[in-house]
Amino acid sequence: MTDATQAAGDVLLAIRALSKSFGGLKAVDAVSLDLRAGIITTLVGPNGAGKTTLFNMITGHIAPDAGDILWRGQSIAGEAPWRIARRGIARSFQDLRLFAHMTVEENVLTVMEPASWLWQPGGGAARRARRARTAAILQATGLADKAGVRAIDLAYAERKFLSLARIMASDARIWLLDEPASGLDRRSYDLFFGLLRREVANGVTVCIIEHNLDIVIGISDRIAFLDRGRLLADGNPRDVLADPHLAAIYFGERAA
Amino acid sequence: MLLLQLLINGIQLGALYALTAAGFSLIFGSTRVFHFAHGSAFAIAAYLFYFFYAVAGAGWPVAALAATVAAVVFGVAVDRFIYAPIQRHEGSFFTVFVASFGIAIVVQNLIGMIFGRGFVSVPTALSRSIEITPGLYVSPLAGIAILCAVAFFVGLHLFLTRTHVGFALRALAENPELVRTYGLSPRLLSSYAFALGSLLVVPSALLTSASTGLNPAVGSDIMLVSLAATIVGGVGSLRGAACAGLLLGLGQNLALWRLVSQWSDAVTFVVLFLFILFRPSGFFGRAVTS
Amino acid sequence: MFAYSLNLATLICINAVLAITLNFIIGYAGIFSVAHAIFFGVGAYTAANVALYVNGSMFVAVPIAMAAAAALSLALALPALRVRGEYFIAASLGLQVIGVTVFSEWKSATGGIGGLIGIPPANLFGRDIVDPVEFLVLAATCLALTVLVIGVLVRSSFGRNLKAIRDSESAALAAGKNVALIKTLSVVLSSSLAAVAGALYAFYLSFINVESFTLDTSVLLTAMVIIGGTGTRLGPLVGAALLMLLPGLLSYLWFLPPTEIGSIQQIIYGAAMVLLMIFRPGGIVGSRAGAR
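Residue numbers (my numbering), protein chains in the order written: chain A, 1 to 256; chain B, 1 to 290; chain C, 1 to 292.
Just chain A, with the same shape it has in the complex (with noise of 0.2 angstroms):
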């Protein structure tokens, strides 16, 4: 999964005019955009404004409407989700959705076990580097005290952290993270994005939706707005914020 390093400011997905609709209701309406390599990009908006519903199309859970996802070129849209997951394109939940009954070590351990079968290849060479491996990621996230512990008994942070612990365990090329950082406290908050800002800076790309425009303005290198489905703005930081139209329904919904 891990290919030679892309080209900085290559588009690796692009989204083509993608749309979905619910019953009557069209919770994404013709959104194009591009997510390049080596940044962090992320999704701001309103709630329901459809930011979910993109990620679910992108890594297959939704099929689309209309419209196309390219994965370097090549057309992924409708593809099964585990498939687009093999690609490279990792992706957290909002809920996290942990495997609450394994233990943290285990729920990293199993993302790095690819194979569907009854065993892994490459024999016990192979599995002591995946268990050497996840012991440097539960190390890097600060899990490594609670290796043994279920995930349902961890503390919010920790939960927080063991998401993207197993992201990191993914070797995914894009990172697609649903709100990564909500709640989090000022120190596991720095942590967290020194962490991310570690794997960008090796080569990893990724996508964060959020609704804190704290995170929003430190963390971007490109900001894209959407609201009831449609993409609003996509660009410079400074410049998307400081559009009072978008500054107008961003404040509007907080105030509500």
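In case anyone wonders, no lab produced these hints; they're calculated from the structure.
Possibly wrong hints are sitting among the right ones.
Quick list of the computed label-pair ranges, beta carbon to beta carbon [unchecked claim]:
#: 1; chain 1: A; residue 1: Q94; chain 2: C; residue 2: V137; range: 54 to 62 angstroms
#: 2; chain 1: A; residue 1: A80; chain 2: C; residue 2: L275; range: 40 to 48 angstroms
#: 3; chain 1: C; residue 1: G151; chain 2: B; residue 2: A151; range: 58 to 66 angstroms
#: 4; chain 1: B; residue 1: Q262; chain 2: C; residue 2: I117; range: 18 to 26 angstroms
Computed from the model, here is a short list of chain B residues facing chain C with C-beta under 7 angstroms [said to hold, decoys possible]:
#: 5; residue: F34
#: 6; residue: P85
#: 7; residue: F94
#: 8; residue: V98
#: 9; residue: A99
#: 10; residue: I103
#: 11; residue: I105
#: 12; residue: V106
#: 13; residue: I231
#: 14; residue: Q262
#: 15; residue: A266
#: 16; residue: L277
Positions of the beta carbon are idealized from the N, C-alpha and C atoms, including for glycine.
Using the hints, position chains B and C against chain A.
For chains B and C alone, kept in the frame of chain A given last:
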């Protein structure tokens, strides 16, 4: 002529199936609880009717009333004292189902111990078939069954569309959270759903006790058919469950035209299995998330 | 007394294999099947037919029985892949009922309601196992092997795959797991090992009929798994032993009418299931919160 006879038998049976299926569908649709003990309500009503009318010699209105009260109380009690505590402890769907299964086992065996494992039935002149035309036998019970089914369905329709509770039950089926914002208690509505659903088994139970007869496994048989009808008809659609119940009753009898009786029972499950494989949303149901 | 204990021990071993294999899909994959008795039956009937007409050696009969069950299990796997929860239970119920009808009506293969008689004893390396003690050793060995195989699988990456699917199927998909393949594999494995129990059963009794493979049996097996504790290694063993010992225990209570012991037994485990779900869904062995 045989075909016509089977058709009439099928409609009679189908009418009874339609009612119990609608009861199960109502409960499942509004509360999302897999009330496997629904068949037990049927068995309890049937056997109590048999006991009061045929054994204790009470008049049939008294016996029918006893059966009705017992079925409704059973349904509501199971919901309040067994399902509710489990759901409060974040019981998953399977946990509730297993408890429901356990209840069904207990009731079936208790009935077997009290009334014996053999067939019993309520003797009545109404079950005697009259030869309408040569080769065609119909008993008054067939007519009563169909009339009852029609009456109860009309009543159910009126209840669901004209009363506050009925409207709320339909809302509960759509969205439990929304119901809370209207200030209605999902717990109370759940009790209504169970009461109403259990009430619907009573006419079928009484009629079955007089026509086909009863054995302790009757609850389990009815349960399986109600389940099949609910899924084939489409979860969330009472109309679908009723139609499917009717169709299954017809199917079971018409199958006798060509198959031996053992296989005709299996027809219900072949149909169920095929629907689950190819059209889990049934005839009228909502799309199924897998 | 000794013969009685031997008999009980042997039956416990056979039922424990069934409980462990059922727990594999219920407790680990989250696939709630009530059709397990059918695979038990397919294993029994196939092994019996092979021993009667082809070759009496266990090394021939058992693998063929496993293959037959594995093939049929695809009929269970298909709905398991397409639908969840209540729909799947209904499908497995359907399979169970259809299976019983087939067992009762397919006279040439199953002897119909009368069943198959005169099944030759288990034959290992050319030696007939007729001594009950030897058979118990055989049954216990099969149980030990089952415990080993399932144990290894559960602790392996495959076990993690199953638990991931059980805990969150969407997250498992997002992690690149081919959920359909994993579920199918688990159903095939569970059913083939259940067939081993079926083969043992046929050789042990020399006579099998449909009565042993009805919904009642599937329900009993489910009760064993649930009462013992789903998703635990010890649970199915405890559940199997407890529920098999129950009739014997009940017969000691002199005030109970012997004809009703079967019903009382069912009432006890039905009530146990209800009470456990309210107070201790994890079963006897499981934690208070349960693995679900």
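Now for the hints, and whether the structure bears them out:
1. Q94/A / V137/C: 54 to 62 angstroms: Holds, at about 56 angstroms.
2. A80/A / L275/C: 40 to 48 angstroms: holds, 42 angstroms
3. G151/C / A151/B: 58 to 66 angstroms: holds, 59 angstroms
4. Q262/B / I117/C: 18 to 26 angstroms: Check passed, 21 angstroms falls within 18 to 26 angstroms.
5. F34: Hint holds; F34/B Cβ to chain C Cβ min 5 angstroms, cut 7 angstroms.
6. P85: holds, 5 angstroms
7. F94: holds, 6 angstroms
8. V98: Hint holds; V98/B Cβ to chain C Cβ min 5 angstroms, cut 7 angstroms.
9. A99: This interface hint holds because 4 angstroms falls under the 7 angstroms limit.
10. I103: Nearest chain C Cβ about 6 angstroms off; hint holds.
11. I105: holds, 3 angstroms
12. V106: holds, 4 angstroms
13. I231: Status holds, d = 5 angstroms.
14. Q262: holds, 6 angstroms
15. A266: Given a least distance of 4 angstroms, the restraint on A266/B holds.
16. L277: holds, 6 angstroms
Every hint from the earlier list agrees with this structure, and none is contradicted.
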